[in-house]
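**Student:** Start from chain A and add chain B according to the hints.
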Amino acid sequence: MTIFRMTTTIVSVADRFQELKQQSQCALVPFITAGDPDLETTAKAIQVLAENGADMIELGVPYSDPLADGPTIQAAATRALAKGVKLEDVLAIVKEVSSKVSVPIILFTYYNPIYYRGVESFLELIKDAGVKGLVVPDLPLEEAEVLIEPAKAMGIEVTLLVAPTSSQERIKAISSKSQGFIYLVSVTGVTGMRTAMGTRVNELLVELHQETDKPVGVGFGISSPEQAKQVKEWGAEAVIVGSAFVKRLADGTPELGLKAIGEFCRSLKNAIS
Amino acid sequence: MTATPLKSDRLKHQVPDNLGRFGIYGGKYVPETLMPALAELETAYAKYKVDPEFNEELNGLLKDYVGRANPLYFAERLTQHYARPDGTGAQIYLKREDLNHTGAHKINNALAQALLAIRMGKKRIIAETGAGQHGVATATVCARFGLECIIYMGVQDMERQKLNVFRMRLLGATVQPVTAGTGTLKDATSEAIRDWVTNVENTHYILGSVAGPHPYPMMVRDFHGVIGKETRHQCEEKWGGLPDILLACVGGGSNAMGLFHEFVSEESVRLIGVEAAGESVISGKHAATLTEGRPGVLHGAMSYLLQDTEGQVVEAHSISAGLDYPGVGPEHSYLKDTGRAEYHSVTDKEAVDALCKVSELEGIIPALETAHAFAYLDKLCPQLEGSPRIVINCSGRGDKDVNTIAKYLGNDDL
Numbered sequence: 001m002t003i004f005r006m007t008t009t010i011v012s013v014a015d016r017f018q019e020l021k022q023q024s025q026c027a028l029v030p031f032i033t034a035g036d037p038d039l040e041t042t043a044k045a046i047q048v049l050a051e052n053g054a055d056m057i058e059l060g061v062p063y064s065d066p067l068a069d070g071p072t073i074q075a076a077a078t079r080a081l082a083k084g085v086k087l088e089d090v091l092a093i094v095k096e097v098s099s100k101v102s103v104p105i106i107l108f109t110y111y112n113p114i115y116y117r118g119v120e121s122f123l124e125l126i127k128d129a130g131v132k133g134l135v136v137p138d139l140p141l142e143e144a145e146v147l148i149e150p151a152k153a154m155g156i157e158v159t160l161l162v163a164p165t166s167s168q169e170r171i172k173a174i175s176s177k178s179q180g181f182i183y184l185v186s187v188t189g190v191t192g193m194r195t196a197m198g199t200r201v202n203e204l205l206v207e208l209h210q211e212t213d214k215p216v217g218v219g220f221g222i223s224s225p226e227q228a229k230q231v232k233e234w235g236a237e238a239v240i241v242g243s244a245f246v247k248r249l250a251d252g253t254p255e256l257g258l259k260a261i262g263e264f265c266r267s268l269k270n271a272i273s
Numbered sequence: 274m275t276a277t278p279l280k281s282d283r284l285k286h287q288v289p290d291n292l293g294r295f296g297i298y299g300g301k302y303v304p305e306t307l308m309p310a311l312a313e314l315e316t317a318y319a320k321y322k323v324d325p326e327f328n329e330e331l332n333g334l335l336k337d338y339v340g341r342a343n344p345l346y347f348a349e350r351l352t353q354h355y356a357r358p359d360g361t362g363a364q365i366y367l368k369r370e371d372l373n374h375t376g377a378h379k380i381n382n383a384l385a386q387a388l389l390a391i392r393m394g395k396k397r398i399i400a401e402t403g404a405g406q407h408g409v410a411t412a413t414v415c416a417r418f419g420l421e422c423i424i425y426m427g428v429q430d431m432e433r434q435k436l437n438v439f440r441m442r443l444l445g446a447t448v449q450p451v452t453a454g455t456g457t458l459k460d461a462t463s464e465a466i467r468d469w470v471t472n473v474e475n476t477h478y479i480l481g482s483v484a485g486p487h488p489y490p491m492m493v494r495d496f497h498g499v500i501g502k503e504t505r506h507q508c509e510e511k512w513g514g515l516p517d518i519l520l521a522c523v524g525g526g527s528n529a530m531g532l533f534h535e536f537v538s539e540e541s542v543r544l545i546g547v548e549a550a551g552e553s554v555i556s557g558k559h560a561a562t563l564t565e566g567r568p569g570v571l572h573g574a575m576s577y578l579l580q581d582t583e584g585q586v587v588e589a590h591s592i593s594a595g596l597d598y599p600g601v602g603p604e605h606s607y608l609k610d611t612g613r614a615e616y617h618s619v620t621d622k623e624a625v626d627a628l629c630k631v632s633e634l635e636g637i638i639p640a641l642e643t644a645h646a647f648a649y650l651d652k653l654c655p656q657l658e659g660s661p662r663i664v665i666n667c668s669g670r671g672d673k674d675v676n677t678i679a680k681y682l683g684n685d686d687l
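Residue numbers (my numbering), protein chains in the order written: chain A, 1 to 273; chain B, 274 to 687.
Looking at chain B on its own, in the form it has when it is part of the complex:
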C-alpha cells in the first residue's frame, strides 16, 4: 500500500468504525459485566445525538449556563513576543475555554453526558478526576439536575488540587479518595470503573476524556466538538479562512480532540498536541505517552501506553494533575500513526515558565495543563515562516494551580 491512498482513505472513512476502532486503537477491553451498559450507552447516544429536543436543551444550556460561544481572542502581546525583527511571525489566537462556567472545557462533555444519563433513567453519577476540573464540571451539572454525584480522585491529586476538592464538596458531591498506586488519575479511573462494574444498573459513568471503552472516545470527542465548530466560524469571521495551526495540550486528549475534530479533514491545517515531559523524558518521570509509549490496553481501550518490559503500566509524572496519566485517547494514537497530527512534549519547568509568561503578557493565568500548549510556542515559533495563524486551545484557567506553582517557585508561604 502506498502513502497516498492511505491518506485519502483516512479522509473518506469515518472513525471510529462500528466496533469502536480507530485503526487498531480503541475497542472495548472491559469486564463482561459492563458490556451491556456500553451497548446501552451506544444506543442512547446514537438516538439522542440526532434528537432535536435533546440538542435544543443542550445548546440552550451551553449558551445560557456554560456561557458559550466563548471568544477567539487575539493574543497581541504574546504575538509581539514571538515576532521577528521584521514584524513577521506567528499570529496567536486563544480559544477561550477557560471562560466557560467552572473554568475549563470539561463542562461541555459533563453537561451533555448528564442530559444523556437523565434520559437513560440513571440517577447516580460517578466520575474520575485528575486536576479536579472534570470533577468540578460533573459535580456542577449534577447539582444543576439534582443527581447523586461521586467523584473518584487520587489522594496525591486531592493534595495538589485542594481548591477543586473544596469546590466539589460545596457543590454537594462526594469526593472519594483513592489511595491505590500513586494516588493519581490512573488510579482514580480504575476505581471509578470498579464502581461502575458494581453499580452499573443505576449508575452512569461520566468519563472525562476521549479515553476508555467505545463509545466514550467518540462521544466525548463529539460533545467537545463544539470547540472546533465555534473556532471554524470565528476564524471565518475574523479573517475569512481557516487557521494554519491548532495547538493543544494532551493528557487523555479531550480538549485537543474537541478542537482538532472539526479540522481533521482540512489537510492544510497543522494539528499539534503537546504532552507533559515532566522532569524530562530521559529521567523517566514524565507523561509523554505518545512520544515514549507503545501500544497497549488501559482502561478499556487500546492506545499508546507507558509500560515496562513486562507490559505493566508504569506511573506517569507531571506537575499538572490533568496530564499525569500513562494512557491517551485512542484517536490521538490513530492521528499520530497516520501522520495527520504531530505530538511533542514540554517539561514541568517549561510549562511553569510559559504560565508565568502568559500571565504577565496577556493577563490570563492559564491552567498548568494548558500552559504545556503555550510552552511549545518557544520551540514552534522559530521554525515557522511568514505569519501563520495559530489557534491555541486555552483549555482552562489556572486559579486551581496557584498553590502548586507557588510551591514550585519556592514561595511556600502562600
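The following block holds chain A by itself, in its conformation from the complex:
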C-alpha cells in the first residue's frame, strides 16, 4: 500500500539532495514527456514513478523544435502537440499530482515558450503549479542570467548543463551559477539511449566535485540499470533517465506502459541503492 504524503512537504531540489546525501543515496530522476500518450497517463505515470523509487521527476514540456532531443523524445513531443497539449495542461497535471506525491518536479522546457509568455509571468505560472526546478537546454550560461535571478527570487531552481566539451573555465562558471544541482550531459550529442557510457563522464565528475559541493546529476544516454550503477560508482549524486522511460511508456496501451515504467524505475533504483 502506498503511503499518503502531504502536499505541503514537497521540498526544493537542493533540499531533496541534502536528504539523500544524509542517507548516502544516489537520486533517481526519471524524465517523461508531458501529454504522451495522454495527460491522464502522465498524471498516473508521475505517481507510479514516485511509488517505484523516483526521487525527483523531470517533466518535459512538449516543444515544436526540441534541438537537444533525439528521435524518441522528439517523437513524444510531436505526438503530444498533435493532441493539443499546452503548457497550462501540463501545469494542471503538476498541480493535481502534487497532492498525491512528495517528489519535487523539475520542468524541462525550451526557452521560446518561456520568452513568449515573459520570464516573470512564466515563473509565476509554474511556481503556482508547484514546480520546484527548471532545466532549459537551449539556454547556456551566457543567456541564462535573465532567468536565474528572477527564478531564485521565486524559489525556483534553474539547473544549468555541463557538457563533455565544456572547458574547465566554463565548468567553474556553470557550477557557481547552477541551482539545485549540476546537470552533466554524459555524451557529446542529443538525448537518446546508448549502450556505452564514455569514460569522460568519470573525469568530468571528478572535475566537478573538485570545483563544487553542489550535487551532480548525469543524464543523456543512460538506458539500463548497469549504466546507472556505473554512473553512481563514478560518484554522481543523481542518475537521470529519459528516452528509455518515454519509449516504455509509449509502447502499447497506457496500462502496459505504466506497468513497464514502474518495473523499470524499480530496477534502476535497485541498481543504485
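Treat the hints as calculated values from the structure; they're not laboratory data.
Glycine included, C-beta positions come from ideal geometry on N, C-alpha and C.
Check before you lean on any hint, since a few could be wrong.
Calculated from the model, a selection of chain A residues having no Cβ within reach of chain B, i.e. all distances over 10 Å [said to hold, decoys possible]:
#, residue
1, Ser-24
2, Leu-39
3, Asp-65
4, Gly-70
5, Ser-102
6, Glu-120
7, Glu-143
8, Arg-170
9, Thr-195
10, Leu-205
11, Glu-207
If we take Cβ atoms under 8 Å as the criterion, some of the chain B residues that face chain A in the derived model are [as the list claims (entries may be wrong)]:
#, residue
12, Glu-305
13, Thr-306
14, Met-308
15, Ser-463
16, Ile-466
17, Glu-474
18, Val-570
19, Glu-583
**Tutor:** What follows is chain B alone, placed relative to chain A:
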C-alpha cells in the same frame, strides 16, 4: 530617448556587439555542448578575416572558381515596362549573383566557410538546405577541397527541388532526408544542429544563412558582403554615385544582408526586403516572418519568429523552398525595429507572375526566391517619383524551379 540620437548611435555602433547581439536580437541559444565550438569558430573567424593568406586564397577562388565580379546589369526592358508615359520611372539594375558558379549567391559563403573549416582542421562538413542552392554550393566546395559532406534536406523540399538533390549527389555529397515536421528548411536546420551537437569535435557546420547562433549571422553577412562591395564599385563606375534603392528577397536573409551591409550607413539608400506571403498573409499559409511574426528564439538566435499563442514555432508556407522558413536572420529584425530597412511580402502567385515576366522581358529566368524581389516592383514602382536607380539582388537562377512552376501553371506533363 528621442529618435535622432538612436539613429546616429546606430550608425556609429558596429553590430553585433561582443555577445553577438544586434540590439535585443541574435545571441547564442544553443545546448552547452556547442558553446565551445562557437567560441572556437569566433576565434578562428576573427583571426582569418584579417589574415592576408586567407584573403588571398578566398579572393583568388571567388574570381577564378566562382566567376566574380559578376555584372551589375541594366534591365532595359523591365525598366521600360515600369516607365511612365513621360519616360520617367525606376531605372532597374540587376546584381547578377545568378551568374556565379552553381547559380546563386550561396557559394560566396560556402566557399569562405570551407576555407575556414580546413584551417580549423575540420574534415567533415554538414549543412542544411531548403531550395538546395546552399546544399549544392556546399557540396561543390567540399568536392573542390576533398571534404566529407552531408546535407540535411526536408523530404518535401527534396521532392520540389529534385534537380538540386541530383546535383548534390553528383558532387559526391550525402543528402540526408529529414522527415520531421513539414519536411522543410526548419526541420533540416534542426537536424543539422543535432548532427553538429553529436559530431562537433570533427565537424564544421556551414550554416547557409545570416541566421543561427553568433558568430554565424555576422560571419555569413561578411562573407556575402562582397555583393554590396562590388555593387558600390559598379554604381560608381556606371553613374558615379550610390544606388537609391536596394531590393532583395528575404527568407533567412543572406542575399539581402550581403547587398545591404555595405550601404547600411549610407542613409540616402533605401533598403527593402521582400518576404514570402505564400497563399496570402491572411490565410495563415505564409512565410512573412518580419511582417507577421514576433520576437522569439529559433535555431540559436533571437529574432522575429512565426509562432502560435503557446510560443510553439508554426510551419511556414511558400512556393519557394528557400523562403519557406518561420525565422529570419537577427540583423534583419534589428534593421526593421530601427527603421533602417523596410520589409514587405508578396504571394506565391505574384512571385510566379514576376518570374514569367522577367523571363519574357529580360531573357533571365530567376529563382522563385529571387522572383519575390522582382514581384515587389509592381507595388513599388507606382509609388516612386522621378527616375530612382534600383538595384535588385538577382540572387539565383530558376532552372531548379521549372518543375514547380510548370506544376503551378498546370503543365503537369513536364
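**Student:** Output the numbers, in ascending order, of every earlier hint that fails for this structure.
**Tutor:** The structure breaks hints 3, 4, 7, 8; every other hint is satisfied.
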